[in-house]
Amino acid sequence: MEQLLNDFSPGLFVMQTVLLLGLIFLLVKFAWKPILNSLESREKGIQDALDAAEVAKKEMQNITADSESLLKEARAERESLLKEARELKEKILADAKEEAQKEGDKMIAKAQASIESEKKAAVADIKAQVATLSIDIAEKVIKDELSNKSKQQKLVDDMLGDIKLN
Amino acid sequence: MTVPNLVGAGLIVIGAGIGLGKIGGSAMEGIARQPEATGKIQTAMIIIAALLEGLAFGALFLGK
Amino acid sequence: MTKILRKPNLVLTALFIFLLQPSLFAKSDEGHEGAVDTKDEVGEYILHHIKDAHDFHLFSYTDSHGERKHVGFPLPVIVWSSKGLTTFMSSKFHHDDSGHYIVEANGTRFVKLHSKIYELDEGATTVSFDEEHHPTNAHKVLDFSITKSVFGILLVGLLMFIWFAGLARQYKKKKIPTGFGRVLEPLVLYVRDEIARPNIGEKRYREFTGYLLTVFFFIWILNLLGLTPLGFNVTGQLAVTAALAIFTLIIYTFKGNKGYWGHMLWMPGVPYLIRPVLAIIEVAGAFLIKPFSLLVRLFANISAGHIVVMSLIAIMVTMKSEMGAVGATSLSFVLSFFITLIEVLVAFLQAYIFTMLSALFIGMAVEEHDHH
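Heads up: the sequence lines are chains A, B and C, in that order. Just so we're aligned, residue 1 is where the first sequence starts under the numbering used here, counting upward by one. Just so we're aligned, residue 1 is where the second sequence starts under the numbering used here, counting upward by one. Just so we're aligned, residue 1 is where the third sequence starts under the numbering used here, counting upward by one.
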């Protein structure tokens, strides 16, 4: 202890104190402050850049999600449009079919009706002709009867034969 | 240096050695158990070892 | 000047060439300090080395005329004597360290004795010693000389200023430093992020980082300088480490907040009778034990390192008779090589521990105490 105290140099202590004080002052002013400030600003810059990248990433994700939802919507729209179109087509087809059916039925009915009326007219005509013929026949028969009995007979036979041919 | 001084210095060194060994050993054990706490354990170890060292040096110089 | 400063390598090279110019500074001496051969001489030499010196001495040799030559250069001596401030060059002592050469300056007489400068009492012409080899008719003077340590401090201060001011200037132009700044930047970041920030706390670490950085690099570079053959032993000087420790003491004493003083003087949460006892212990811890442990640890580690390395180198000389020149030299080389490697680690570790403990003590003083 005694030797240590003997070795202790107060002059060196003073010199060291003064020099260290000066060194601290100079370094703080000319080195540490600018170094730490620029290190901090650089770190802040890096942090900001990272944050910005994070924000951009999030935005990107949002955009992707948006576009995806848009795509989905569009797809759904297309789907519904297609469906509608299909339905429309089917409806039109069905309608057309029904219409055609109706028209056909109507035409058939008309045709039938006209056929019926033609038939009726024909039948009536036939009836009338038959009646006329009958009357004619009867007239001729009556005329022949009136002239020749055999002739009359033959006439009747012939006429009957004609009718059959008819 | 007289003989009692040398004996005293030896005793101090033995004591400090035991202390340092214990600190180092416990730190190793701690690191083996929790490798993720290595940094903290090392820092604490160095601080305690430094305090022990200061004590030992103080004693050595008082005897010198 | 600024142009030269911008090229730190140039300055360094010039400085080293300046330091290693033996012919310019060689001084002859009439064989007073002989070769170091015996164990006692080796011990003496080592103890002499770890002390501060008033001249820059690189090595000595004996020339062909049998004359002892010392290579190095003298440094100015500045002392505060009874006649006021006195300056002269240390070459006037002719490398004498035992009080033989008496220098007359400014009307007083000075001698150098074991690296200390003594002023002879009025009228005395030679130093007389008592049986413990203490001078009886001379007294120490306040010695502000540019000793080897002061020279080392100036050198390191200059180096640090060139390096770190250069680094600071680099940031003005670019975001990432180039060259040597790329080595320095991670070290600065290391001190800030591993020492200052965790120990002092996020809120207030900024205001102490400058001090911690200065102290860290100051101690580390001086420790490493001590391992070079230039023979500096600055951080092994009690005065230097004491000044460093007192800086830390002053900082944590003046920056200590209310909670710190409250916990020191009137510890809350313990019985009232114990509080004064605790206060005594705490005050002793804060003002004596903490700075003392700081200053003694650094001083002792570095001095012990120097003694060990030099003793191992001295094996070359002391074991020559037992092992032969080759054996002793190789043993000495291997041992001192490995110890020097460890010393490189110790150089960093001591700088780290000093800075770390300073940060811890400051952190304890400025910590926000939650109220119990």
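For the record, the hints were derived by calculation from the structure and aren't laboratory data. There may be inaccurate statements among the hints.
[Said to hold, decoys possible] Derived pair list, reagent style DSBU-like, types lysine-lysine, alpha-carbon separation capped at 35 angstroms:
#1 C/K39 with A/K58
#2 A/K58 with C/K175
#3 A/K97 with A/K120
#4 C/K255 with C/K172
#5 C/K255 with A/K44
#6 C/K203 with B/K40
#7 A/K29 with C/K203
#8 C/K175 with A/K29
#9 C/K140 with C/K39
#10 C/K174 with A/K58
#11 C/K174 with A/K29
#12 C/K255 with A/K29
#13 B/K22 with A/K44
[As the list claims (entries may be wrong)] One-sided and incomplete, this derived list gives chain B residues near chain C with beta-carbon spacing under 7 angstroms:
#14 E36
#15 F57
#16 G58
#17 A59
#18 G63
Glycine is no exception: its CB is placed at the ideal position from the N, C-alpha and C atoms.
Each hint tested on the structure:
no.: 1; hint: C/K39 with A/K58; in the structure: 77 angstroms, violated
no.: 2; hint: A/K58 with C/K175; in the structure: 28 angstroms, holds
no.: 3; hint: A/K97 with A/K120; in the structure: 33 angstroms, holds
no.: 4; hint: C/K255 with C/K172; in the structure: 32 angstroms, holds
no.: 5; hint: C/K255 with A/K44; in the structure: 28 angstroms, holds
no.: 6; hint: C/K203 with B/K40; in the structure: 20 angstroms, holds
no.: 7; hint: A/K29 with C/K203; in the structure: 21 angstroms, holds
no.: 8; hint: C/K175 with A/K29; in the structure: 20 angstroms, holds
no.: 9; hint: C/K140 with C/K39; in the structure: 30 angstroms, holds
no.: 10; hint: C/K174 with A/K58; in the structure: 31 angstroms, holds
no.: 11; hint: C/K174 with A/K29; in the structure: 20 angstroms, holds
no.: 12; hint: C/K255 with A/K29; in the structure: 20 angstroms, holds
no.: 13; hint: B/K22 with A/K44; in the structure: 43 angstroms, violated
no.: 14; hint: E36; in the structure: 16 angstroms, violated
no.: 15; hint: F57; in the structure: 4 angstroms, holds
no.: 16; hint: G58; in the structure: 6 angstroms, holds
no.: 17; hint: A59; in the structure: 10 angstroms, violated
no.: 18; hint: G63; in the structure: 13 angstroms, violated
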